[in-house]
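Q: Given next are the chains, with one letter for each unit.
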Amino acid sequence: MSSVAVPAPKRRHIHWSRVVVYGVMILFLMFFLLPVYLLLITSFKSFDQVSLSRMWELPTGFSLESFDRAWNGGEGVIGMRGSFWNSVQLVVPATVISCILGSLNGYVLSKWRFPGSETLFTLILFGMFIPYQSVLVPLVEVLREIRLYATIPGLILVHVVYGIPITTLIFRNYYATVPNELVEAGKIDGADFFHIYRHVMLPLSAPGFVVVAIWQFTSIWNEFLFGLIITNDPQLRPVTVALQNLSGSQFTQWNVQMAGALMVALPPLLVYIFLGKYFLRGLLAGSLKG
Amino acid sequence: MRQAKTLSAHPARRVRWMNRDRAIALLMIAPSALAIAVFVYGFIGWTAYISMTDWRGLTISTSFVGFENYLTIFNTGRFQTNIRNLIVFTVFFLAACLIIGLLLAVLIDSRVRFEGFFRSVYIFPMALSFIVTGVVWQWLFAPGNWPNDPTGINLLFKQSGLDFLQAAWTTDTSVVPGWRIEGLRTRIGIPMAMIPVVVAAVWQMSGFVMAMYLAGLRGIPEEIKEAARVDGATEWQVFRTITLPMLQPITLSAVIILGHISLKIFDLIVTMTGGAPGNNTEVPGLYMYEITFKANKFAEGAAVAMVMLVVVALLVVPYLIYNRRTEVER
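Sequence order for the protein chains is A and B. Mapped onto my numbering, the consecutive letters of the first sequence carry residue numbers 7 to 296. Mapped onto my numbering, the consecutive letters of the second sequence carry residue numbers 52 to 381.
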């Protein structure tokens, strides 16, 4: 308000275009936040406050009833508590194993290249793009055969295997930035494969592990198709399948659904909020050249 | 092995030493390679085989029928409708993501305040599951008894005096323009119920495209643009002749990534519409699930899956090969 002294004509022109820039950006901000607003206000409303004609109004109080119903169940709603535990049991081991495999593969494919290793890498990468519909029936048959169908370990196996392409890709590209001289020097000193891995690569790997762990954690947590097909048993459902069932139930209790959606969204959202930089690196690594 | 310290003097022994570690390296990657060989290529082969049998019902059948199932599915109106829906979804989804992504990236790159805040908000939907997105947008687009007793965004439009924007959204059964063509068992046009699904998908993915473009924009050296400006180029000319061409590899990557997600889309549609109204938002990914796991038509389901795979492969394989070539050149 006090800086009225300066406005030369040229500056005013810049200001005008700035208004357009911020206007458009705020418009999109509203587009991105609109569902969040609805999600938050609805899930914190109490049951007697839920009314379709006032769905956009703020709640008058602060109620956790919807969360209680979505978590513990009741009145035709199956609570999501059990499926949360299922998802944790699934995501944690799958992420750890994925990291180890990805790291080893990336190390071999970047520092121990052999004839055909580039072809192998391309063949592995293709696995990342396939529609999983094209492997589902054989997958179910094989899992039945090895008695892992409709079990959490079966689901872990599936996520680890189909996670190999992306984890290998991220680690390979990451290790490609480690100078070959370091590895060569190790070889000349007589260090073997594992010695170089442990003492040269691993100490430099922390960011790679964080990126891959975040990637696998969020994508396995958010995954739906495998969870739907492989955990036929309602007791073993991961969160996404449980949420889909919550929304497909007979009586549409929007506030319970929104509370459920918020709970499913929360773990990956927290990761995004606190480790956004690494999350983004994983995302961009998915575009191959990063 | 300890004596191997002097190996540089003995080239022959050095090679042998390398071989031992190389064997370990091969051994370390073998489980992953084997897993991919079985779970990706083996299973695809198996599915291809199933697609050429007459397996219907719960007992496996192995009698070979060739491409009959493919002919069957391509001749059913439902699958033709699926393909129409998928094309419409893919075209709108890609176009909107690329345009919005580029626009937001350019705006953010123009030295705005609170850049980090804007960026974080635009990208955060990427962290969510398509199921979460679907559940929330399903409610936003639930039309209610509009125009008088609307819900969701219809109600929001009514309350802000924008009644003319109200629509049937996910319950709209119309196909525009809905041409009938001799020999086709579906109507050609845009199934209007697909629009809300596209909006939700764009909400989820356009921030990702923005992030890609932003990384690209930041990689363009300012000196090149500055030189053009000194030569008297306008901002628009700089954008058209320098920025856009330099962003082309990013556009290619984005098309591949978005394209393969789009061609496989399943979760979002299951949650938002379940394929309804009619089959107006059903896509092959959902159709395969329905006929395989609900109707037990395993052979036909496998044929649908193989069609999906071929389409994705047509998009991705050239890109993978191109990527590998350029990598070797570097």
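Treat the hints loosely; a few may be bogus.
[Unchecked claim] EDC-like mimics (lysine to aspartate or glutamate), calculated; alpha carbons at most 16 angstroms apart, straight line:
| # | chain 1 | residue 1 | chain 2 | residue 2 |
| --- | --- | --- | --- | --- |
| 1 | A | Lys283 | B | Glu166 |
| 2 | B | Lys276 | B | Glu286 |
| 3 | A | Lys193 | B | Asp72 |
| 4 | B | Lys209 | A | Glu124 |
| 5 | B | Lys276 | B | Asp160 |
Calculated directly from the structure, the hints in this document are not laboratory data. Bear in mind that the values here come from a model prediction, so they are computed numbers and not experimental data.
Q: Does Asp72(B) sit within 16 angstroms of Lys193(A), going by the straight-line distance between their CA atoms?
A: 10 angstroms, holds
Q: Against the 16 angstroms threshold, does the CA-CA distance of Lys276(B) and Asp160(B) hold or violate the hint?
A: 14 angstroms, holds
Q: Taking 16 angstroms as the top limit, are the C-alpha atoms of Lys283(A) and Glu166(B) close enough?
A: Distance ~14 angstroms between Lys283(A) and Glu166(B) Cα, so the pair holds.
Q: Lys209(B) and Glu124(A) were given as a pair; does the straight-line alpha-carbon distance stay at or below 16 angstroms?
A: Violated. Lys209(B) to Glu124(A) sits at ~59 angstroms, over the 16 angstroms cutoff.
Q: Under the criterion that the straight-line Cα-Cα distance not exceed 16 angstroms, is the pair Lys276(B), Glu286(B) satisfied?
A: Holds, because 9 angstroms separates the two Cα atoms, which is no more than 16 angstroms.
The structure shown violates just one earlier hint, number 4.
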